[in-house]
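The sequence shown: position 73 = 73 (UniProt numbering), numbered continuously.
In short, the hints are calculated from the structure, not lab data. Since the structure is predicted, the reported quantities are computational estimates derived from the model, not experimental observations. Yeah, the Cβ is synthetic: ideal placement off N, Cα and C, and Gly gets one too.
If you anchor each label on the Cβ, the simulated ranges turn out as follows:
#1 216 x 190: 36 to 44 angstroms
#2 19 x 44: 20 to 28 angstroms
#3 158 x 212: 36 to 44 angstroms
#4 134 x 67: 31 to 39 angstroms
#5 44 x 118: 17 to 25 angstroms
#6 188 x 69: 46 to 54 angstroms
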Amino acid sequence: MIVLAIDTATTDLVAGLVEVRDGHTKPEASSPREMSVLAERILATRSHNELLVPTVTELLAEASLEFTDLGAVVVGCGPGPFTGLRVGMATASAFGQALGVPVHGVCTHDAVAALIADGASADTVSSLVVTDARRREVYWAHYRGEERIAGPDVVAPAALSIGGSAEDNTVDVLSVPENLREQVAAAGIEAGTVTYVAPRPAGLVAVADLSAVPEPLVPLYLRRPDAKEPAPKPKSPAIPDISGIRSAGAEAAEGE
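Model the full structure from these sequences, guided by the hints.
Here you go:
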């Protein structure tokens with residue numbers, strides 16, 4: 001099965017084509033999924049809306065495939081800011097409807113944790129995945145291997161805590177963008193390895209249950225959208241208040 005994987009929950013635009021071997025469509029730790037990445041792009045850009053579809057078209061050409069070769073779509077559902085996140089989810093949904101293929105939503109942080117845990121210590125490595133939530137906040141989730149222990153949630157960096165003691169706030173791997181590292185360190189988070197692991201197509205597909213009936217896509221905003229509805233405009237003084245006229249007319253009609 002050829003799977004299109006998309007994620008726009010972070011500042012990276014992630015898209016890729018992954019071939020999943022038949023019979024390995026369900027993620028199981030005891031039986032690792034057999035798959036290969038045919039083509040992928042991880043672009044550091046906020047121009048998700050302008051670049052996503054052209055990037056997917058480019059990937060298909062690179063892999064000598066057509067849209068009709070796709071058997072499923074996997075999309076990261078966040079956590080992420082409203083504006084960027086909806087681009088990937090809306091595009092994935094549109095592809096699924098147009099091609100008649102299932103669309104599976106996954107937690108973006110779960111996909112990152114799967115990449116971190118991909119190794120000899122997959123079941124025991126502890127990791128903390130942190131991404132930029134804007135508004136001076138961060139999204140975070142805590143993992144043991146691929147199992148999510150806590151989160152995802154959104155907090156100010158100074159309030160980030162995964163335990164009640166310094167020992168509890170220590171992980172093997174901390175994935176955090178470079179511009180947030182000082183703030184996260186100031187919160188008392190310690191790690192054996194500090195790096196940034198971007199979402200990748202392999203991670204997105206690794207945590208998706210391709211054998212399941214897809215559930216409706218639910219974005220993980222974890223807070224109100226950045227875009228707010230404008231406040232009601234005050235009534236112009238040039239527009240007369242006719243509510244009293246209507247009331248008087250109704251009373252007159254009742255008296256007839």
